[in-house]
Amino acid sequence: MEKFTKLTGIAAAMPLVNIDTDMIIPKQFLKTIQRVGLGKNLFAEMRYEDDGSDRQDFVLNQPAYRKAEILVAGDNFGCGSSREHAPWALLDFGIRCVISTSFADIFYNNCFKNGILPIVVSKEQHEKLLDDADRGSNATISVDLEAQEIKGPDGGTISFELEPFRKHCLLNGLDDIGLTLEKTDKVDRFEEQQKLSQPWLQK
Amino acid sequence: MGDARTLYDKIWDDHLVDTQDDGASLLYIDRHLVHEVTSPQAFEGLRTSGRTVRRTDATFAVADHNVPTKDLHLGIVEPQSKLQVETLEANVKEFGVNYFSMTDDRRGIVHIIGPEQGLTLPGMTIVCGDSHTSTHGAFGSLAHGIGTSEVEHVLATQTLIQNKAKNMLIQVNGELGAGVTAKDLALAIIGNIGTAGGTGCVIEYAGDAVLSLSMEGRMTLCNMTIEAGARAGLIAPDQTTFDYVKGRAYAPKAGAYEQAVSYWKTLATDEGAHFDETVVMDAADIVPYVTWGTSPEDALPITGTVPAPSSFADSGKQIAAERALKYMGLEAGMKLTDIEVDHVFVGSCTNGRIEDLRAVAEVVKGKTVKDTVNAIIVPGSGLVKIQAEEEGLDVIFTEAGFEWREPGCSMCLAMNADRLEDGDRCASTSNRNFEGRQGRGGRTHLVSPVMAAAAAITGHLTDIRDFG
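So the sequence lines, in the order shown, correspond to chains A and B.
Using the working numbering, you'd call the opening residue of the first sequence number 1 and step up by one each time.
Using the working numbering, you'd call the opening residue of the second sequence number 1 and step up by one each time.
Chain A with its partners taken away, still in its complex shape:
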């Protein structure tokens, strides 16, 4: 997984609430057996006409936002299906950071496994950031994970909260399976104990 330390990039606004993972990556693209290559299908049904041409009213099709790396999205972003294809598609498109007032739980988890930073901000901060993201070629936002700060084009600073372990893994690009395997002796002990207390659970 790629590290996330600092990011300065174009922010695109998608203020619609409850953007679900079916919108982020429609089901016809879940048939892949790979993690890569989904960027072209990101937001496919909102982004393309029936004939495959770009819909001009969709933000990521507008010239200023085609290389957006940050999304400022409406409340409850990523609700619905657990499909990790959603963060894979965002990442493949080039989005490394999503900012919202809240995220659905599974999507939020999935982001951290893929080097994407989801940031929760207050309603007031969110409105300011949506406004910042509406500035076309000036819609540049900086995110500093170590300092847990967002800076808008006007220089104002927003602080954000993050669980320390998630921050540590993201800053260092750590593979958490490797970290957990270092605790194998503890898992062994748990299994031994469970065999005694709930013998019906293990063969």
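Don't read these hints as lab results, they were simulated from the structure.
Be a bit skeptical, because a hint or two may be false.
Examples of chain A residues toward chain B, derived with CB under 8 Å [claimed, not checked]: (1) 79; (2) 105; (3) 109; (4) 176; (5) 200.
Straight-line Cα separation of at most 30 Å, DSS-like style, residue types lysine-lysine; simulated pairs [to be verified]: (6) A:186 <-> A:151; (7) A:123 <-> B:326; (8) B:82 <-> B:93; (9) A:195 <-> B:82; (10) A:203 <-> B:265; (11) A:128 <-> A:151; (12) A:183 <-> B:164.
Each residue gets a CB set at the ideal place from its N, CA and C atoms; glycine is no exception.
With chain A fixed as given, assemble chain B onto it according to the hints.
Okay, now just chain B, sitting in the frame of chain A:
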């Protein structure tokens, strides 16, 4: 009452392997269910890093999302779907995982077959790369959906890194009225607290209206918990649960069963345990519900009218409602019972169990599906199909004009050939009415099985209580 714990607290404590100083915890996973869509990259990850599956005996796989529901002799026609199922078959073989194949009667939707086989037991931790894993919470097991990276983590380590969620109690007092089902209860709750209402929480459902539900009804309720944004839904195991589990293929046998039951009885939330949030509802206020929009929270009593966007206080919700009305092709103010449908779908992990099919059969027996409606019934598993046929339900369905299909996820998410076309409108017993969910441009109204049955006969959304 510092020592009083909730059901969630108890299952959490009994599965805690390690807690780091920074609060991240390692939770042991008792059961891992796997399907073809969210697992290929996880197995590939294991292969690349030279890792194995830690507990093959706890891991069970089935193909459900991509499988056809008719003409099975043709196999899977669509090449990508075929490749995904073949990839699962190769992976279960290579890694030694249990598998219910496409010719096995025990196959079906992963959340239907887990309980059916006794793989789902009270007090367990259960995960699956599928958001509707919340279904299994009906047994008082902590069950939730995970992403593919976490699937790989569980395959390799039999654990999951978690931060503990908050405890939320939804207490539904009283008795549900005639024609009001677990599905209506679920929609009423989501309509009440919203699709993000449970975010960061594990919901425990309690109260007479919940505990008087059958296991099938409880599964429907817990299944929809994810649509309220919660990590998991739970119902304390009781005699209804123990009776359902007893004798199932993978349930504990003989002496072990009694030992298990005595443990399961200790799981109920202690008197005075703390809930971070509590919602109290009266079952008498709940009537049959339908959705009008493109989020499960867009749920209203069938007696209502399509709302005006301006009726929402929140500006974000106003914009979403305007978009939803346009997508759904509806005008504010029209009666919900005036909405005409051209498709009816009965099935899914929400409402594809035998009790759901019996309820549909009771409504449609001796009646005829309206000629403008295409209605399909997809049993949740091979065993549900066999049971329904033994009871003659298939004859009732086909005589009424329904198509009787083979088991699978089918038109709930339209990954196989069963899908709506642009502009089609469907009364559906599934769980999501998102834009495009049942097919690009398709319009979904979520309803209970009996409401779907009534709509199939009348051709429009219908209050089951007025249907004769």
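Exercise. If you check each hint against the structure, which ones fail?
Worked result: Result: hints 6 and 9 break, sorted rising.
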